[in-house]
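Residue numbers (full-length UniProt numbering), protein chains in the order written: chain A, 1 to 369; chain B, 1 to 369.
Watch out, some of these pointers could steer you wrong.
A pair holds if it fits inside one copy or across any two, identical chains being indistinguishable in the list.
[To be verified] Calculated lysine-lysine pairs in the DSBU-like style (CA-CA distance at most 35 Å, straight line): (1) Lys104 <-> Lys255; (2) Lys310 <-> Lys80; (3) Lys204 <-> Lys80; (4) Lys165 <-> Lys255.
FYI, nobody ran anything at the bench for these hints, they're computed from the structure.
The chain contents come next:
There are 2 protein chains.
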Amino acid sequence: MKLIFDQQDLANSVGIVMKAVPSKTTMPILQCILIDASFSQIKFTANDMELGIETIVPGEIAEKGKIALDAKIFSDIVRKLPNSRVTIETNENDVTTITCEKAKFDIPGKSGDDFADLPKIDRNDFISISQLSLREVIRQTIFSIAVNENNKLMTGELFEVSNNKLKVVALDGHRIAIRNLEISSECSPKRVVVPGKTLNEISKILSGEADDLVTIYFSDNYLLFEFDDTVVLSRLIDGEYFKIDQMLSSDYETKIEVNRQEFISCIDRATLLVRESDKMPVIIDITDEQMELQIDSAIGSMDEEIDIEKTGKDITIGFNPKFLLDALRVIDDERVSIFFVNAKAPCFIRDEEGNYIYLILPVNINVNR
Amino acid sequence: MKLIFDQQDLANSVGIVMKAVPSKTTMPILQCILIDASFSQIKFTANDMELGIETIVPGEIAEKGKIALDAKIFSDIVRKLPNSRVTIETNENDVTTITCEKAKFDIPGKSGDDFADLPKIDRNDFISISQLSLREVIRQTIFSIAVNENNKLMTGELFEVSNNKLKVVALDGHRIAIRNLEISSECSPKRVVVPGKTLNEISKILSGEADDLVTIYFSDNYLLFEFDDTVVLSRLIDGEYFKIDQMLSSDYETKIEVNRQEFISCIDRATLLVRESDKMPVIIDITDEQMELQIDSAIGSMDEEIDIEKTGKDITIGFNPKFLLDALRVIDDERVSIFFVNAKAPCFIRDEEGNYIYLILPVNINVNR
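Take the sequences, apply the hints, and build the full model.
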């Protein structure tokens, strides 16, 4: 095999497939990138058996063939080469020579035949959305998935398609993040759970342009994202996702409107006096026109008032400040509306159009302080 | 005590003295910043007994007094306050109230009398140089001090003043970095060893402007740096520094001139194939007009040629690539001259004016490969 690339193209494509190379594995072949130029195109593939990425690489095929190269070494070399023409050539022992200007590397390769192809899936049911939208929707929900693996379903996100709507849901038992997106599609209703890892990695390689599209194909056990010259194939998480509709109520006793950035800065300051291990709630005291934040810890005490617009009852309620911050930080609106029922019921941060809903459970506090 | 500041001034001054707050100590008072407004000025002090920093803070004294506040908490609060007027007020129990707009913090303080003043030193012998020069000189030598404390003298840098010249030397047993600087001063000859920690911290708070001066006062056990509204007092390291003149020779058998950036990129690429733990040398093979770098490791092999200008004999010599990179990266010249004697003698990277000299010991290699 002998291939010729531009160094920038090469570095870019290696960067994309690297996202599917596992950091640890018992199968050494999975730590490789497959370079496949058996036919008329050059294709790079990486596959950790949960997540697989394939991308077409611009380049010239001087001699057809395929080879699997250690992903880390190959990526390190490619990134450090000068911005010039790069030649990759293999010999009969799979030793691969990478040449660029006056630099020449020899590294051992593995037979490309040892590398497992990505499973083929049907491409019948699909939706198309802009790459920017998909990236934003992931960013605005992914922080709510559970970190630990006790409940596998909580480590993924629900992707639900119905009636020209894509609904993305993440939850971890203390909070729920929901984003709704209008789509135009003929897709039959779908309800699948996508691993958080897939979504994290894919949002790093999406272009983030509103004009660039990504097509998402649904199959029984896989989801396939296709965009630019790349396909990302992800195994789905098995099981029935949580019924969240019954947790969402539109009744409320108190509604406030507050400047988002001011609220963030204020919570930020309140948490200065809390050591991470303390799990001290921030106490929010809502009266007419004013919200008072209080914290009282071993380090000291803090209180601060923020102007709000309020309708409904006064309320005193405690929250884990991190959960409030996580949600407030990903919202784009300048002002947010927050809805409360009572000190033991979750609050909702949501917009009028229903584009986003963040549900956060309160922390029990002694309201008779 | 009651003081009024602008938040930016306050954050800036706290940032400066924080550099002398120890991360760990058995004496809690050392983890405090002393706010002293007993007289007509407001002064912040921190002191870890090796390194002390004092800075004058712009602000209004509404009521005189002094207080010691936990440095980390105080700094965290100050940085997160809105950019507005900040009031710091203490009560009779040393509880300190920090108010800014609608935010109010109460934190415990300690009596300012418990805080040790910085030692007073004579201000007779001194030199003045630009802050930029001092910062550059530190940056261009500090990487050569020893990391471990086996030989205390190697953890500091020699500051030698004689004949209108400041010489700064760092060495770790494998390499020496020397910077010479012309100065105009009436200072008597000096030879002191300044702790590396002091130099690291001070270079973070120097302005880096060529027009701003720093005055360095020499006393028996201390060095005092004075610049802007700040003084930095550092204990010196005891002992007689190494005689390095006898290690520096101007004889050579081979001299090369090479493009610095090209050489750096080439070494960078060569080290891709070396695991940190391997301590594999890079082998440099110098012939007419050309230098070849080679590395041959368990991961693979690499060689690359670089154009050079050469006078003298051919030579094959091995180096720890990190030592070459460290020196090459801090030199400002586009082309550098490197001098060799033989494969077992150190090489010298130096300019014609003698502004900098970097000596690097070679690694033994089998030259008959």
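Index of numbered hints that the structure contradicts, given in increasing order: Violated hints: none; all satisfied.
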